[in-house]
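Chain by chain, the residues run as shown.
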Amino acid sequence: MSTETISQPARAEEIPAAAAARRYLERFAAPRAGAAAPAWLRARREQAMDRFAARGFPSQRQEGWRHTSLAPIVQTEFSFAEAAAPPAPALLRQLERLPLAGLGCPRAVLLNGRFAPEWSRLEGLPAGLRVTPLAHAWREVSAAEAHWARLATSERHGLIALNTALAEDGLLIEAAPDADLREPLLVIYASAASRPLAQFPRALVLAGRGARLALIELFVTLDGEGHFTDAATEIRLDENAEVDHYKIAHESLSALHFGAIEARLERDARYRTTSVLLGGRLTRNETGACLAGAGADSRLLGLYAAAGRQHMDNFTRLDHAHPHGSSREYYKGILDGESAGVFSGRIIVRPGAQRTDAIQSNKNLLLSESASLRAAEPQLEIYADDVRCTHGATVGQLDPEALFYLRTRGLEADAARRLLTYAFANEILTQIEIPRLRQALENELFARWTGTAAGAQANAPA
Amino acid sequence: MSTPATDIELLANREYQYGFVTDIEADTIPRGLNEQIIRLISAKKREPEFMLEWRLRAFRQWQQMREPEWANVKYPPIDYQGIIYYAAPRQAKDQPKSLDEVDPELLKTYEKLGVPLRERELLAGVAVDAVFDSVSVATTFREKLASLGIIFCSFSEAVREHPDLVRRYLGSVVPSSDNFFASLNSAVFSDGSFVYVPKGVRCPMELSTYFRINAQDTGQFERTLIIADEGAQVSYLEGCTAPKRDSNQLHAAVVELVALDHATIKYSTVQNWYPGDAEGRGGIYNFVTKRGKCAGRGAKISWTQVETGSAITWKYPSCILQGEDSIGEFYSVAVTNHRQQADTGTKMIHLGRNTRSTIVSKGISAGFGQNTYRGMVKMLPGAAGARNYSQCDSLLLGDKCGAHTFPVLEVRNPTARVEHEASTSRIGEDQLFYCRQRGLSMEDAVSMIVNGFCKTVFRELPMEFAVEAQKLLGVSLEGSVG
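Top to bottom, those sequences are chains D and X.
If you use the working numbering, the first sequence corresponds to residues 1 to 462, in order.
If you use the working numbering, the second sequence corresponds to residues 1 to 482, in order.
The shape of chain D in the complex, shown without the other chains:
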């Protein structure tokens, strides 16, 4: 008897969680608020929904998802944000109190996945910067049709497909050629609802030739527990453009967060992205950059600090498609309590991408008996010969000799540990080029590791 005759379940990489999927299908079928979507958008959404209907949520049997279970997302019946939620002044005050929200720069706020003009501060944007809510841009701006959902595509997996199909709004951020926009733009994705809510915010960033743009994306919970954020950010860098991008995931400890960042770099473009994961019960943060022109340069930085029962999964991909590209990737993880961390970093050097220079490093610090690094998976896939690619990964604990040294200088054991933990994280923080943001994050983390409350508590929103 041959193996072919044995009936096996169809290559069950993704078993559609039927019940959960149905809710999203129904939501998709329901009429949408606001003006009718243009035909191209309807087509893209339908294609995405078909994709989701066919493949469902990624399962742990699928490569790249082995160490992260989406069960909390699949098993929860989320409600969906309805349009025209009344802006509650109490929530706004709460938003203003967040240390990271008060950076004093122009800001755009999305509440439950929809643009909230009352909360945004977009007056007097510098020349060359245009911020348009997607709900408007889809109908009016031709660039949206050309570029929306072209980088973070539904083909990747069900979560991106779901975002593409169900995104109600978002932002289109355009930097005009040669505009100097290094004064950062802050985008806040806030969630506030009485019931567990699913939101699908989306951003499309277009940096014109030679433009320089700084962008901070901040995810926060203002009210309500256990919401599900399914976000996607696409960033296109034209020739010689430079984007300095930050993502701070600081939602409540019961939030479920998925975020995809996809960047595409043309010739000589420079892209730097820093992901700082602090909140969320379950976080999956995907960062991808495609070096699609010669001489492009990409830097991926990441810091994930988990405590309690948090689970943080970092998935990164650097795709070197053209010669003379360089990339640097530094990710550091601090795992305390019963938390779990995952790092997966893939570097692809395509045929012909000669003279590529890629360095990747992932370091993890385990602070407690029950914390675990589920997996560190650096992956090099190299199809060109004249390259230099290295990667390194370490897992360890605080150096006992360093601890001893600090003790001999009169520090208490606890203080010594916190100081060393902070120093470990600081290697990433010092690379943040916006002083106000760096200061805010330093304060946040310093409080976390030196405050009296357990680290996880310090992180909960007020």
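If you are wondering where the hints come from, they were derived from the structure by calculation, not from laboratory data.
Idealized CB from N, CA, C, for every residue including glycine.
Every clue listed holds true.
One side of the interface only, derived from the structure: several residues of chain X facing chain D at Cβ under 10 Å:
1. L409
2. R417
3. V418
According to the in silico footprint, chain D covers these stretches of chain X (three or more CB under 8 Å from chain D):
4. 394-406
5. 424-435
Partial list, computed: chain D residues near chain X (C-beta under 10 Å):
6. E63
7. V349
8. A375
9. L380
10. A384
11. G392
Knowing the structure of chain D, use the given hints to seat chain X on it.
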């Protein structure tokens, strides 16, 4: 003056040196695989009942399994019903008593391969258990080993003579349900080597075996089991060459090592199966499961491999570090040239306290070769104070080849330390220039640099293998410079 390139081309197009077929009548059974065939194999080998049952169970498990698809290799589907699962050289009824009784044709084959049994007997002091297709034909130095209580014999003999040992350890490291190819092997394995080193005995010589696939269209399913009892030490060498064929042949072997308290096992492999021609026709599919278990305190298992042959290599010699303070090592050089594909690496599974492991992997890709390192280091909650260091480097020779690295680290114990480093690059032009300027030919310069790249691994090989490995490396890479 001829350009180096022309010389290189000449060398590159050199025929596979070991491609010849020995004309011996083979005693084969019908093609295909079913319970009848397994019963037939078992009966032909006059195995006790427990072996047959074990095979049948493995076969039933295999039927429920799917061929793994995760490896970074591509090949047309294998027709498992088109394979002949057993071939033994037809000889006089009984096993030969000494070398004189061995078919001279066979001896000539080994002569061509550079394994002159007698010479080795006399000069090298190596006991060779030569496996020709599926049945061991000659075993030397048996008496000397026997006087120390060491058992070194063919697997079939061990099943008959030492059923207790076989029963106790067979499948204890690689269970019959382990993976698709291990299950297939468990069901149909033909022969292999068996070693048992008793308590406190240090094996006085390198044990060695040569595998060789000869009869056309026969799969080779070797099974090796090595047991080092408390405080025992043994070093085992395995070498492979196969003659030239056009259709691909399947080789699905299983090697199990068991090291008890303070025992040491060193297992070295030089694998030079036929890699197929320059266009990727023919060649061996080498799908091997190798695993060792450091069952006792302070046990040590060391794998060293030089993989230059085979069309496809799928092989992950692993260590289960169960005993406290036990040590696992993996040293590997894998070369892929022309259309060869290799997906190889190791797994270090740390269970016990203060267990340590070292991984050094060197991959060399040339031509259209695809070379993948895939490794896993797992620190389980009990592995307090465990330590791992991994280094995998890849060298690229040519712009059509690929080198890939897929390591996985999993750490469940905060006192464990894991370090992993990897790099990929090609030979530096400045290095080449320096060598050329000192008067070395291009070929010699590359050879020297590549040998230097592999030195940390070659150093681990026993002397006679180290020489062979360097030669093989040279032959495998000829024509890849340019």
